[in-house]
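The lines below spell out each chain.
There are 2 protein chains.
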Amino acid sequence: MNGAESLIGTLTRGGVTVCFMNPGTSEIHFVAALDRVPAMRGIPCLFEGVASGAADGYARMTGKPACTLLHLGPGLTNALANLHNACRARVPLINIVGDHARFHRHYETPLASDIATLARPHSAWLRSAESAAEVGRDCAEAIAAARAAPGGIATLILPADSAWSDGGAIADVPPIPAAPLPDEARIAHAAGLMTRRGHVGLVLGTGLTVGGPLIIAGQIAAKTGAKLLAPFAFTRIERGAGRPPMERIAYVTDQAIEQLSGYDALILLNASPPVAFFGHPRKPSVLTAEKTEVFTLSAPQEDGAGALAALAERLHAGDATPALQPQARPQLPTGEITLNGLAAVVGALLPESAIVIDESITSGRGMMAATAGAPPHDWLVNTGGSIGIGMPLAVGAAVACPERPVLCLEADGSGMYTLQALWTAARENLRITTVIFANRAYAILKGELVSAGENPGPKALDMLEIGRPDIDWVALASGMGVSATKAATLEDFARDLARGFASCSPTLIEIVV
Amino acid sequence: MNGAESLIGTLTRGGVTVCFMNPGTSEIHFVAALDRVPAMRGIPCLFEGVASGAADGYARMTGKPACTLLHLGPGLTNALANLHNACRARVPLINIVGDHARFHRHYETPLASDIATLARPHSAWLRSAESAAEVGRDCAEAIAAARAAPGGIATLILPADSAWSDGGAIADVPPIPAAPLPDEARIAHAAGLMTRRGHVGLVLGTGLTVGGPLIIAGQIAAKTGAKLLAPFAFTRIERGAGRPPMERIAYVTDQAIEQLSGYDALILLNASPPVAFFGHPRKPSVLTAEKTEVFTLSAPQEDGAGALAALAERLHAGDATPALQPQARPQLPTGEITLNGLAAVVGALLPESAIVIDESITSGRGMMAATAGAPPHDWLVNTGGSIGIGMPLAVGAAVACPERPVLCLEADGSGMYTLQALWTAARENLRITTVIFANRAYAILKGELVSAGENPGPKALDMLEIGRPDIDWVALASGMGVSATKAATLEDFARDLARGFASCSPTLIEIVV
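Going down the list, the protein sequences come from chains A and B. With numbering that gives the first Met the number 0, the residue at position 19 of the first sequence is 18, and numbering never jumps. With numbering that gives the first Met the number 0, the residue at position 121 of the second sequence is 120, and numbering never jumps.
Treat the hints as calculated values from the structure; they're not laboratory data. Among the hints, a few may not be true.
It does not matter which identical chain is meant; a pair holds if it fits inside one copy or across any two.
As the list claims (entries may be wrong) - In silico SDA-like links for lysine to any residue, alpha-carbon gap of 20 Å or less:
| # | residue 1 | residue 2 |
| --- | --- | --- |
| 1 | Lys485 | Val473 |
| 2 | Lys63 | Phe102 |
| 3 | Lys485 | Asp471 |
| 4 | Lys282 | Ser130 |
Predicted model only: the values in this text are computed from it and were never measured.
Hey, can you work out the whole structure from these sequences and the hints?
Okay, here's the thing in structure tokens:
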């Protein structure tokens, strides 16, 4: 057994059965070994940012890691922007980066690259497998590291000779240590805040906005009158009719400050203190008021679900009935395209168990409100501010959940970053409906120009226009094998969206807004 | 004057007048300042890899740096793959990366990123401008560092508050130290090799394959019988009728070993010793024979042009007449598409002073032979093995030389990496004819599978296919505003190519090969 075979064998034994890949010569033995380990599914991507974003989406929906396969330093760097997002999403992910054979590494070759330095900032675990015999064991450790709470990126560098040499051995994943529970004093302090303080918010981080923890949080809210909040950049929320409603902290600094101004206390569970996305010359970085006590009940590497359960127990919230979102859809609107109208169409038509990927930036700000009472669904957003994650996330989510319809709400500017994802969606015949909001500008930046106190001139404004020439998304999608239409009215949009949800293949709808 | 204004003022005073950019909020004051410094041209790119590749192309054609403008760590990482190539091309380039305001950096925000660590591997110079007052001086030093021999990437990190605060001052670029000349003993040794040894090759690195140095190298060759060689991954070659002919060292390891086997000595000028692109289980990394003396006359940071001149003087080659490539075009072929036929069409039609960007990988291997006797032109290739540089390089070359026709020979797999470059070409109305060789596969990797001794199965081969679904490049180009056609015969190709060369706007020709 060569190192590559031991690697894929260890991955599949450890539950890693999907590889989003863009291999090159140094990874060719991994590719060749795919035929000898049937359990591993290889999914080619035409750009590495698609691979890393898809692995993130897969992990968000399954809770378990996929792996990437990347070609030396350049392949890694192309993946980094979405690894940055995955890092912030706190998902498990195995990042496999091929390297030159060890005997070849010290030559001055075109592809010589300092992979370890480039990978370190986003890797919770990082190692180069320095012989075929070590590959399996290193991979097993990588899986354990990626799955350790709260979930992280484990980067395994694979020199080509470690892949092609004999002597590989499949290894078992070592035990994954349980996340520690916050101590009693912290639970007690949080409970005290909730009973003594007037207006309290629970900010729920990764892993706590789904399933059992969300229900428990809803019980605590019902018992204490606390409000459930999600960070603006959340990983995944289960929402819709029948689920405890949450409020998302706003992106716009002034709005977020206003939103959080009334709280006497905010209790953070696996979430960071609310701060502005960007610093501003005349605005504070911290979004909470001075009077607000911000208390971290559980840090990201701690057991937030356990902390919630312990808090509920201490508050005797176990028999409380959480307030659940009632079912309520907007009327299906008609007429001219407006942002509110588009949101209402989505709210009226979103099918049960849909997975919504939202990178619609300025155009989609009404989407969450319009879908609050839609049938139960999941909502995933950009966690790290690195645009170009939407369509890759959709690929990963659709691979993870082939039976569920995926709706990808995508801004044109962000979409152009990783449009190659459409090809993978077509190739794998994924059930994704992509909606492109074509405002033909980096509209958010126009707002920032004004907010920054600048009086923008024509050159500045021209840098933020992406409508000269207009981008034709129907042509782009068709060019990659995705069936696409352009919606000129809300009726068009409703018709195309319904068709997309009903389709088993990927579709795309462009809307000029 | 704020820091952003002092930055643009210092850039333009230092001769940096083009900025390939994809800004975000933290760079918005740079964008706003563009209207107050008319000499700076901003060119928006829809993906940062386009910006960095374009800056490389601009530098290759002008010898002077352009700058990029990138959005924090994620923007930088998207640019890194083509910065890797630029680093290997040894071109000057100012890489400007916005960062959070300093007071905002220590918060846990979505876009917090370790920019310095990510930039270090490719940066010859790296600094964060920690106040508005320092921005101008730091920028001036960056320009000097980028322009110091042999040319490199200077990364200036620009915290948002250093950009928006008052107190900026435009600075003058400090004197750039001259590259040191190799000492007399080395010149003498090289001259001795050339007179005593039988078969000698001069391997010419960056800067020596154009202009005066190339002529001098040709004189030395004429005087001594030495052969002129270019590394496989060269930065730019002036070639065609009337220029000293050079031979490119082959990509395929066995071919390169055979090609270099007869040399008694190789003299390297600003070039690295020839080694294989990748290591191989049963092939050597070093391409030269044991009998061949490999002598470095000038290292990349040394004065290679001066070394060539000194060598010519010592050899009394100054009055030698270099052998020049005679004009000779292939007959314009007709009929079915073949790789040789396509190369012959290019050879028959390439206009004088064309700039050819060649990232055609396996499909274009006959192109250099077929154009050897075409009217004088420039040839640029991928220097770092990071695919996706072709179309961005073409953008940069066309911005640098608006009067010259640019021909971009692009493989479909590589082209998909940075296809967003087509939009910038359309927006800036650049004179680029792009030819896509659509073999619908990572064909080079299929060869590597066999060369690696693997017996590929269906899953492995399927990972290297990019033709399921077929990519329609005419649709993709049209979707970004570039006029495109599909050529089904050599006559079609000849017609479309001639039309492209005659056009003042970008065009694209897809050929299924």
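Cross-check of the supplied hints:
Taking CA atoms no more than 20 Å apart as the test, Lys485 paired with Val473 passes in both settings, with 7 Å inside one copy and 19 Å between copies. Taking the shortest Cα distances, Lys63 and Phe102 never come within 20 Å of each other, neither inside one copy (35 Å) nor across copies (37 Å). With identical chains, the CA atoms of Lys485 and Asp471 are at most 20 Å apart both within one copy (9 Å) and between copies (19 Å). When the C-alpha separation of Lys282 and Ser130 is checked against a cutoff of 20 Å, the pair qualifies only between copies, where the shortest distance is 19 Å, while the shortest distance within a copy is 53 Å.
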